[in-house]
Amino acid sequence: MSRLPEAFAGDDPAFIPYLAVGDPDLPSSKAYVEALVKGGADCIELGLPFSEPIAEGPTIQQAVVRSLSGGITPEAYFEFVDDLDVDVPLVCMTYYNLLFRYGAESGTKAGEGDYEAPGPRPFVKRAAEVGIDGFVIPDLPAEEADELRAACDEFDLDLVFIVAPTTTDDRLATIREQVSGYVYVQARLGVTGAQADVSDQTAESLARIADWDVPKAVGFGISSGDHAARVVSAGADGIIVGSALVDIVADGVENDRPTADVAADLREKARELKRGAVRGARESPEAQGE
Amino acid sequence: MSRLPEAFAGDDPAFIPYLAVGDPDLPSSKAYVEALVKGGADCIELGLPFSEPIAEGPTIQQAVVRSLSGGITPEAYFEFVDDLDVDVPLVCMTYYNLLFRYGAESGTKAGEGDYEAPGPRPFVKRAAEVGIDGFVIPDLPAEEADELRAACDEFDLDLVFIVAPTTTDDRLATIREQVSGYVYVQARLGVTGAQADVSDQTAESLARIADWDVPKAVGFGISSGDHAARVVSAGADGIIVGSALVDIVADGVENDRPTADVAADLREKARELKRGAVRGARESPEAQGE
Amino acid sequence: MSSDSTADGKFGEYGGQYVPEALMPAIEELRDAYERYVLENEDGFMDEFRERLRDFGGRPTPLQHAEHLSDRYGREIYLKREDLLHGGAHKLNNALGQVLLAKYMGKERIVAETGAGQHGTATAMAAAHLDMPCEIYMGETDIGRQRPNVFRMRINGAELNPVTAGRGTLKEAISETMRDWATNVDDTHYVVGSVVGPAPFPEMVREFQSVISEEARKQSREKFGTLPDSVVACAGGGSNTMGAFARFVDDEDVNLLAVEAGGSSLAVDEEEGVAPNSASLSTGGQGVLHGARTKVLQDEWGQIVESHSVSAGLDYAGVGPELAHLVDEDRVDAVNVGDDAALEAFHRLSQEEGIIPALESAHALAFLEQVLGPAADGDDEAADDLGDRIVVNLSGRGDKDLETVIEETDKRDIPNAPDMSEFAGGL
Amino acid sequence: MSSDSTADGKFGEYGGQYVPEALMPAIEELRDAYERYVLENEDGFMDEFRERLRDFGGRPTPLQHAEHLSDRYGREIYLKREDLLHGGAHKLNNALGQVLLAKYMGKERIVAETGAGQHGTATAMAAAHLDMPCEIYMGETDIGRQRPNVFRMRINGAELNPVTAGRGTLKEAISETMRDWATNVDDTHYVVGSVVGPAPFPEMVREFQSVISEEARKQSREKFGTLPDSVVACAGGGSNTMGAFARFVDDEDVNLLAVEAGGSSLAVDEEEGVAPNSASLSTGGQGVLHGARTKVLQDEWGQIVESHSVSAGLDYAGVGPELAHLVDEDRVDAVNVGDDAALEAFHRLSQEEGIIPALESAHALAFLEQVLGPAADGDDEAADDLGDRIVVNLSGRGDKDLETVIEETDKRDIPNAPDMSEFAGGL
Ligand SMILES: Cc1ncc(COP(=O)(O)O)c(C=O)c1O
Ligand SMILES: Cc1ncc(COP(=O)(O)O)c(C=O)c1O
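Chains as they are written, first to last, in this note's numbering: chain D, 13 to 302; chain B, 13 to 302; chain F, 1029 to 1455; chain S, 1029 to 1455.
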């Protein structure tokens, strides 16, 4: 049973940080996740690194490389999640091939005798076992998601979809049918990465899905408490922050800093972001209208 | 008036050595020519180096390069010949462009106003002045020789042509009309160069022109007294030797030998060749038939 | 059996559109444009495309009877001479089609990825020809080893964006180009370089390349009055392959053979995440890579592994979904030959036919030798499948490969190679 | 005005057969074979030649409308795309014709000279294609600076004979090849590389190359319903030139322009025996070189001087006798452009049309810029002569020139060149 609704249950907007698991190693990841929770995270997107992260900007790409060269595997990831002792919902963020291949024999050939096509069910089953609550799969548009949707339904997990500034009305309808947990509202075009500003498009995008009955979390390029505030004041139910946090991890790796120090910085940054979001909620037209 | 007939006037076969004038410098050339005359030369082919010696083998090619890099020009050549004090006929051996261009303005353009086409006459005139008796122009077949023939006639000089093993009967007829002084019978295919053997083709070639009323001198690849003897015994009226002598000059340059030593070797080699020719004459069917 | 994809961009289980949401509208726009301009010749798009292929590209390319190969194998071997296309490979068919389509769509900028540089140079040429600003993404490792192609792109006025991620090769360059596209999707078209990527790319690229089989079909009838018994083409992503096969797919008597790069071995080193081959059809499993479900070289977890081949243009861990489907359907036979055999075939064609083939194309030729050559492995079924009249798609010329050939020949024992020692230091 | 040579191989005052006696029979045999096989199509020689040109060579090559150049110059510019011929230049037309003729003549061995390596590679390809043993003479200096072409010849199975005489360049290689021919004339044919040498070479090579103008004439009619106003071609020896002009010579309204390499200056340094150009038509005097009377770069005595051009293929002290004659007769205009202008034209075509031209061909393009470009010298007569529809013979592609372009662009100030600094060390 997904705990994702809990993240959006309180009065405050949800703060959803992202980290690549295993960056730069599993013990550090554990410390970082705990720090983020202490910093106010309402839910965490735990990245499972894939070798071809086509939707990521350079920051997360490098995190993925660090994690992969540390030897992360889906199974290690699941064990990591299983061991985690934090009290927030967890979203698995990864690319479809890892779901698709989990538990399949490599080298099997379609069209041959007892061949069974791979599929996402074994991955979802295992994810449910270790306490994952939902998925964000950036290379899986709603049109290709039937199998995964079915598996999520079977194991009571959520499946988050992204809505981009370019998403057409037709596609919004399709996504609306498939989405659960929250909608990931992509604040601007491009790939992930900390940006100096948050696009006007956010408000516009939010307006287009205002009547959806899932929470709306905005991501892509939020890097400061002020950004967070502005995004939330534009109507978001939550904020998703990745690169701005991964930057801190990267800095730690580059400067060989102790894990505890990096964790402290992450907690600090998390606080800033969470506070910004809360401030934004107070400034929102809705709040002011109340 | 050409003195070429003198070379074939005696009882003995003519020995006609070749040297590239200016190889490696003019004073040496003078010494070498004198040495060859002392060694028994009946006539000398004095090479005037041309930048594209397409009919020469590597030995003479290198002699040409040495001479050209020493700065030889046609005019220097003429002065050299003028200064020579030897009592044998002299044949100028060179390529047609040097005859063609001598005295022409460079850069003149056909088709323009007072343009006069270049031609061999000025060269022949000057050659006659300095005491040249005839020409061998290896890149000038009889078909292209009308102008040069006319100039030679005007100044009473001879024009030697080459007959090759490949020359057809038709072409023999053409050559016969144009040739004077002697026929240069090419002993074998290929380009000049000292060879270990003299081809059987010599006798055959000589037979084909037996009834011509000019002397027949055989060249290409004669390098020893024995060769010379065999060639003459096959019916030649003379022998032409180039590379075997140029080899001695080249050796002198390479080993930095005094001119006088090289000259002595040339004289020695000349003696060997001349003696061989004379011996060959005694062995010839003709001689034996007498 | 037509393999035309359905409206959802699937070929059987393969294909689809596994891309970030931000790109979906661009892909829908592209499908729409593809259907209108390419399939329905709206505004005379296809007429203009064909005219430019002819006048700028040099089409039709000949179907040449290869006399010495025919003697050697006791079959009639015909070479489809894509090596004579402008730029030196079949790549221009696609690049020109897509850049022209981008123009019709009102796009103002072109991006493309390139591995060995062949698709990059073709795109740069097409972009210069059609006056489109063009940026090429290329891995830093590839930039280092493909300098002449890098230079050709620059000479043609393209910008070059080095990709430092990962090992700096094709796979990373594709990811990076997708990112650029996702950021600049409004005014930018991504010229995908093979029959890979999300729908409609596999189908569209196949259509642009199908001029190869369209011509070969007609030329076969002209030359020997009937269709060939088989068509053989190398397969990296599979664009020359699908181009050479497309118009024969419905002719069930024509056997279609896709020759993959067997590299040095067919095994995958999971520890190292490396496959010493690029034989995804023969040895890969189903997966999702670069926007499509297809056959992929991957480890047990689904991480994509680095592929390897002496031929840079075949060195790719995926393959076109349509080709994967046709193989599963047994309409296409997937076979493979190794690096050594490809080099030997390279030297053979150069010496015996006076044509220096691309190392990619040499794989297709090496397969003939493997099945029909004097030391053939006696696989009679394979020999039967090839039949009497065999069309081999000569996808490109080998001028780009000279340095590689020196290096790779020098370190192997290739019996028919000329002495390379004088070139050992490179050109 | 036909420029067909008479039976004595003369074009006005030019031409002839200035060769060693030993070669005369071979030349007569060749003339006989040429007349029978080429002019009279005996045994279907010409049919086979044309078929091989088509299937092996890739003919016809397109006549392409160059849109950006046309815009730039306000004229209709058409490119005859010999760069698309197999091997990358017009050279194959001739090499294939001669090697095939040698086969018909029963010869068993081919020799050829090469300078930049273009004729050598074309001959090696033709010889491999026709299964003829082949030896190429090449100066040692040229071998050093044309490594890729050397390698291509070797790859095609040709033997390479380095020529050490003189400065080790084209002129010496020609002399050496003549010597080989004179020695082995019975079984050997010398494949002369341009419209030079003793008769019947100039005429015969022109006939083999005239397929260029034959096609261009037909394509002009198809494309714009009439003949072009002018045809522009670069001239080294002049084979692409004569090939592009031949079938237009009788069309007096078609202006023919031969563009020579002006190098760095039109002057000759007699002291050094060097001409910093290869403009024998414009600045040379009558002379006899390599078997023919023609225009020659020579010093006051008639010694041949070393020519120079940034383009190796134009770097020759002589020129075809027929072309010299046509210039004297005012049927052809001889013009020239320098190294800098050629480099600029190279970059212009690459960037604006997506075609990387040979540096030789870039000279023809540079002439357009000189007369019609924004900074044209205002020679209205020259601009008039070019007319509205201009065919430029694009004799070859520039892949062979990349190293030279880097080096030469880097040391000059070529305004339209991309930044070369990253390539400064070579490829
Ligand atoms: C000449 C040539 N052939 C084949 C290929 C492989 O690509 P594809 O499999 O898409 O035809 C390439 C790729 O660069 C190539 O350059
Ligand atoms: C592409 C190209 N064009 C022109 C030439 C010049 O030769 P020709 O004047 O005989 O056409 C060459 C010679 O190598 C060449 O390679």
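Everything labelled a hint here was simulated from the structure, so no lab data went into it.
Treat the hints with caution; some may be incorrect.
Derived DEER-like restraints, expressed as beta-carbon distance ranges [to be verified]:
1) S:Asn-1069 to F:Glu-1095: 35 to 43 Å
2) F:Asp-1441 to S:Arg-1173: 42 to 50 Å
3) S:Gly-1072 to B:Ala-219: 19 to 27 Å
4) S:Glu-1435 to F:Ser-1449: 42 to 50 Å
5) S:Gly-1134 to F:Arg-1249: 33 to 41 Å
6) S:Gly-1072 to F:Ala-1411: 33 to 41 Å
7) F:Asp-1441 to D:Val-265: 32 to 40 Å
8) D:Ala-21 to F:Arg-1195: 54 to 62 Å
9) S:Ser-1098 to D:Ala-162: 55 to 63 Å
10) F:Asp-1071 to D:Asp-182: 23 to 31 Å
11) B:Pro-39 to S:Leu-1294: 55 to 63 Å
Glycine is no exception: its CB is placed at the ideal position from the N, C-alpha and C atoms.
Verification of the hints:
| no. | hint | verdict |
| --- | --- | --- |
| 1 | S:Asn-1069 to F:Glu-1095: 35 to 43 Å | violated (21 Å) |
| 2 | F:Asp-1441 to S:Arg-1173: 42 to 50 Å | violated (31 Å) |
| 3 | S:Gly-1072 to B:Ala-219: 19 to 27 Å | violated (41 Å) |
| 4 | S:Glu-1435 to F:Ser-1449: 42 to 50 Å | violated (27 Å) |
| 5 | S:Gly-1134 to F:Arg-1249: 33 to 41 Å | holds (36 Å) |
| 6 | S:Gly-1072 to F:Ala-1411: 33 to 41 Å | holds (35 Å) |
| 7 | F:Asp-1441 to D:Val-265: 32 to 40 Å | violated (46 Å) |
| 8 | D:Ala-21 to F:Arg-1195: 54 to 62 Å | violated (45 Å) |
| 9 | S:Ser-1098 to D:Ala-162: 55 to 63 Å | holds (60 Å) |
| 10 | F:Asp-1071 to D:Asp-182: 23 to 31 Å | holds (25 Å) |
| 11 | B:Pro-39 to S:Leu-1294: 55 to 63 Å | violated (39 Å) |
Violated hints for the displayed structure, listed by number in ascending order: 1, 2, 3, 4, 7, 8 and 11.
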